[in-house]
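Student: So the chains spell out like this:
Number of protein chains: 2
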Amino acid sequence: MTQVVLAIDLGGTSADFAFINLDGKILYKENIPSKDFDTANSFVQLVKKRSEQAISSNKLDVKVRAIGIGAPNGNYYRGTIEFAPNLNWKGIIPIADYFKMAFGGTPCFLTNDANAAAIGEGMFGNAQNVKDFIMITLGTGVGSGIVINDRLIYGNDGFAGELGHVIVKDEGRQCGCGRQGCLETYASVTGLKRTVIKLLMDNKFKSELNDISFEELSGKTIYKAAIEGDALALEAYRYTGDILGKALANFVAFSSPNLIILFGGLAQSGELILNPTKKAMEKNLLKIYRGKVPIIMSGLKGNDAAILGAGALAWKEMGVRN
Amino acid sequence: MTQVVLAIDLGGTSADFAFINLDGKILYKENIPSKDFDTANSFVQLVKKRSEQAISSNKLDVKVRAIGIGAPNGNYYRGTIEFAPNLNWKGIIPIADYFKMAFGGTPCFLTNDANAAAIGEGMFGNAQNVKDFIMITLGTGVGSGIVINDRLIYGNDGFAGELGHVIVKDEGRQCGCGRQGCLETYASVTGLKRTVIKLLMDNKFKSELNDISFEELSGKTIYKAAIEGDALALEAYRYTGDILGKALANFVAFSSPNLIILFGGLAQSGELILNPTKKAMEKNLLKIYRGKVPIIMSGLKGNDAAILGAGALAWKEMGVRN
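Protein chains in written order, with this note's numbering: chain A, -11 to 310; chain B, -11 to 310.
A hint or two may mislead.
Identical copies carry no separate label here, and so any pair may be met within one copy or between two of them.
BS3-like mimics (lysine-lysine), calculated; alpha carbons at most 25 Å apart, straight line [to be verified]: (1) LYS17 / LYS289; (2) LYS17 / LYS186; (3) LYS157 / LYS186; (4) LYS275 / LYS78; (5) LYS78 / LYS17; (6) LYS157 / LYS266; (7) LYS267 / LYS157.
The set of hints was computed from the structure by calculation and includes no laboratory data.
As the structure is a prediction and not an experimental result, all values here were calculated from the model.
Take these sequences, add in the hints, and give me the full structure.
Tutor: Structure (structure tokens):
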């Protein structure tokens, strides 16, 4: 019988659940809907039913030690999802308790998706045996997970590590959070798109991106233009990396990490974003930190990162290390 | 026999040493020179001699359990002072080892002054029983100590928590560290003085401060003018608090502390600096943090804070809590 955890990556439309062993191997993974449930508990019942079916129809010889959940607005301390704008369930949802009850008292742990990714990176990815690191998720928005002394930090209320909402420009771009100038408005895929259009308006670039509206524009289109040498696209990456690198230099002055890891859609642009980011960070670092803090890409496969993170959370909380 | 630690607050000109019991009571304190020693070891020998004399001539019935040192550029991990510009001893000085040897193997611990102040605040001041807090020292420069999960954080190399050197303005004021726009260039006593002169140049204030040169200007003069209602001095505090508050809002997004504590010469201006700082922080906080993070003044007496911090470090490292 293989010891596993049940990992759940909860999104607004659908969710993945998976059985993951101590080596980070996904023994079984399935995608199920999450959108059409009036209550969180009915979703939990579906996970229970499908996961039991998965065990019996695949003859999985597994023992579920714990449950780990990565969810938007997940609060680690309380095991709750709190006011998640992208989920149907409003208010404060004690989803870890629901899972624990549905699964006969199996311990259940919850954190937000960016934190889960950082825990996964530490257990199964490029931050194994790294005591102090910061993982930045550059997707539609910007999330982060901060590991200090081998522990993900949650702070006073479970909401530590909202580095996407550090304000990097006074009276900068309007952010979804209601404030202006958050890192997320520049260093996300959406931010990159805003930068492309801004650069088009401010300058006279001859670019194939001239013909595309903001809505049509995608990270992939910009990436493709950049690798073909489009000056506007390249400048957009440089501008983005410059802001991200400066922000990272400030983060280093806070926790002095060994390592910074980038993850998510924008990070997949590789050196296009990595090089200007590194350059700006080094330039803006206090001297005592210079040359000491590598920035690298995540070692988790994009599709599996979130579910591996949820699994790693459960393993870690059980006090088990791979 | 009273259990005590020997605490040392090392400065460029002189040093304090003291015997401190577990309640934070200073049983004996003495100031000795630190400037005129060619080697750190000869300074250590003086501390040994004077502290032994203090015990015998005052008939102190004490048992020294450990030694704690607060020193500029002190590295906690290595017990070394590294390239301290204000000390005579150049390079890397293994001062904790020197003390340990001189005191017959007594355990010796070292950290920088801002970190020591934070540990002291946690053990003897206004952060007792607070698990997550940030202490900001607003003096000639700006230092900080960050406590997460009841532990001061040191990071990868012992240099975590250099919040005075977070860059708060692109192409801002020149800083002693060689970069531009560091928090320290605005939110220190020196920064306040720079702001006064800048405001004088930018505007047409009728102020008694008009007659004073930058060199003559002091924090006390500005404070005195402000409490007498001088518009320029008041505006200088507002400007300073605005920048400090914005920076604090970003720090909260990092570690989500329960509490922020201000300390040092500028903090002694009380509400003049506290009110604009609070206002700017609240305005710039991400919604989930609003109204949750009080900013308060240090509970340590200014003259004793550094030495109490060094003592608290030693007690804490010995695993003893008051």
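Student: Could you work out which earlier hints the structure fails to respect and list their numbers in ascending sequence?
Tutor: 2 and 5
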